[in-house]
Amino acid sequence: MENKRKALFISAAALLVMLLAFGATSAFFTTEGTAQNVVTTGGIDIELNEFADTGNGLVDFKDVSGVMPGGEASKIVVAENVGSHPAYVKMKVTFDTGVKDKDPSEAISLNYNKESWIYKDGFYYYEKELKPGESTEPLFTTVYFAENMDNSWQNARIKINVSVYGVQSENNGKTALDAGGWPE
Amino acid sequence: MERLKKLVIPLLGCLLMLMSIAPAFAAEGNVTYEGDAKEFIFEPGSEYSPTDLFTGQFKDMMPGDVAKEEIQIKNDSKKPVRIYMKSEGSVKGTEDFLKEFSLAVSYNGRGLQESPANETAGLTDWVLLGTYEPGAQGILNVELKAPITLSNEFSEKAGYINWKFKVEEVENAGKKIDKDDNATGGKSLIDRINPKTGDLFPVVKVILIIMVAAAAVTLCVTWMVVGKKKKANKEEEKDNE
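Top line first, the protein sequences correspond to chains A and B.
Per our numbering, the first sequence starts with residue 3, numbered consecutively.
Per our numbering, the second sequence starts with residue 0, numbered consecutively.
Hints may contain errors.
What the hints assert, rightly or not - Within a straight-line C-alpha distance of at most 25 Å, the following computed DSS-like cross-link-like pairs (lysine-lysine) qualify:
(1) B:58 - A:8
(2) B:230 - A:8
(3) B:67 - A:176
(4) A:8 - B:229
(5) A:94 - A:161
(6) A:133 - B:58
(7) B:228 - A:8
To be verified - The calculated label-pair distances, taken between Cβ atoms and stated as ranges, are:
(8) B:123 - A:179: 44 to 50 Å
(9) B:59 - A:108: 44 to 50 Å
(10) B:133 - A:10: 41 to 47 Å
(11) B:33 - A:10: 17 to 23 Å
(12) A:102 - B:56: 56 to 62 Å
To be clear, the hints were calculated from the coordinates, so they are not data collected in a lab.
Owing to the predicted nature of the structure, the values given are computational and were not obtained by experimental measurement.
Ideal placement from N, C-alpha and C gives every residue a C-beta, glycine not left out.
Produce the complete structure using the sequences and hints provided.
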């Protein structure tokens with residue numbers, strides 16, 4: 003009986019020690035949390051705007067008809083940076099006349115703004131970086147019809163197509179002519 | 000009056016210096032362990048994620064941009080704690096976008112990650128940032144580079160990176176903390192152990208428990224043996240009488 007009691011006492015003592023140690027360890031608190039971090043990229047957004055000067059102010063450009071040789075039409079072409087990053091801008095001008103074997107320059111000419119736009123390799127490059135919200139100086143403002151247009155131009159429909167291209171100016175050279183990554 | 004001037008002017012000078020230095024140390028993002036709530040607070044958050052640590056520099060990035068940020072890690076509890084960090088990498092669906100970027104993360108000059116931003120690299124497992132006394136803080140430096148060659152297909156896109164933080168209250172608050180194991184980031188023994196959620200007995204504690212239990216058992220056995228001997232001696236004396 004005595005030995006049994008002693009054995010019980012030893013076991014209880016050892017168990018108590020282990021429980022105490024476990025208890026101290028269980029008070030060991032941890033917690034976790036997750037941060038979801040976000041990276042975003044920006045972009046370039048350039049719009050082409052065409053206006054006509056009616057004499058009473060600017061209006062959106064509409065097709066002009068019935069122009070005679072020696073006549074002219076108001077067509078003001080500008081680019082606007084409607085994005086949130088500064089950009090370099092260039093434009094390309096092409097013509098569709100529908101008149102066979104005739105060079106469009108025989109019929110029309112444009113008053114290109116050579117002070118603000120630099121011509122190179124078929125494109126007109128705007129001399130300055132265009133900041134968000136800014137518009138360029140017009141590439142041209144008037145279409146002149148040649149006085150000596152021959153009869154092959156009678157009832158012709160001359161389309162002047164203007165395309166605008168933009169590329170970021172940040173981290174991209176000091177001028178539009180230096181910049182890379184122009185869209186095709 | 001002269002004595003007062005000699006005291007006040009240097010004090011004002013110190014105050015002005017401190018005020019000019021303070022903004023330079025102001026971190027942009029914050030990870031704070033709130034002891035009362037027993038949770039982490041992540042700031043500043045953004046329109047994309049309430050726990051977003053990446054501030055404005057990491058938004059609206061353009062090819063060629065390098066964004067840098069200091070994130071403050073702080074123990075705002077009344078107990079010293081160990082703070083760990085790991086990365087889960089990019090959230091599904093944003094891997095292709097984020098792998099275009101280079102991400103570098105360091106803590107007190109110790110490089111933790113330098114890899115494409117979609118990867119976890121050196122932060123795949125828990126890394127101990129340091130042991131923080133109540134009120135102590137450290138700085139996590141983050142740098143993200145967008146390549147100049149970043150394609151147009153990645154313009155106006157968003158990528159998500161999950162970071163996990165874990166805190167472990169230090170048991171023996173009164174004990175002197177080892178010089179290497181402080182909030183400036185050091186190499187503690189725990190650094191080499193992969194911590195789980197409080198139910199794993201660290202090796203040292205297990206050894207201690209075994210030693211204490213063994214000592215208790217030895218004491219009891221000794222007491223028993225001595226008791227038996229005394230009894231045997233008494234009986235012998237009785238017999239001799």
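Now for the hints, and whether the structure bears them out:
1. Note on residue 58 of chain B and residue 8 of chain A: the hinted pairing is violated, with a Cα-Cα distance of about 73 Å set against a maximum of 25 Å.
2. This hinted pair checks out: residue 230 of chain B and residue 8 of chain A have alpha carbons roughly 15 Å apart, not beyond 25 Å.
3. Annotation: proposed proximity of residue 67 of chain B to residue 176 of chain A holds, straight-line Cα distance about 24 Å (limit 25 Å).
4. Note on residue 8 of chain A and residue 229 of chain B: the hinted pairing holds, with a Cα-Cα distance of about 16 Å set against a maximum of 25 Å.
5. Distance hint between residue 94 of chain A and residue 161 of chain A is fulfilled; the C-alpha atoms sit about 14 Å from each other, no more than 25 Å.
6. Only pairs whose Cα atoms come within 25 Å are accepted, and residue 133 of chain A paired with residue 58 of chain B is accepted, the gap being roughly 19 Å.
7. As the CA atoms of residue 228 of chain B and residue 8 of chain A are separated by approximately 15 Å, the hinted pair is consistent with the 25 Å bound.
8. For residue 123 of chain B and residue 179 of chain A, the Cβ-Cβ distance of about 47 Å falls inside the hinted range of 44 to 50 Å, so the restraint holds.
9. Range check, residue 59 of chain B to residue 108 of chain A: about 49 Å between beta-carbon atoms, so the 44 to 50 Å window is met.
10. Look at residue 133 of chain B against residue 10 of chain A: about 45 Å separates their beta carbons, and that is inside 41 to 47 Å.
11. For the pair residue 33 of chain B and residue 10 of chain A, the beta carbons lie near 48 Å from each other, so the given range of 17 to 23 Å is not met.
12. With their beta carbons about 58 Å apart, residue 102 of chain A and residue 56 of chain B fall inside the hinted range of 56 to 62 Å.
Violated hints, in rising order: 1, 11; the structure is consistent with all others.
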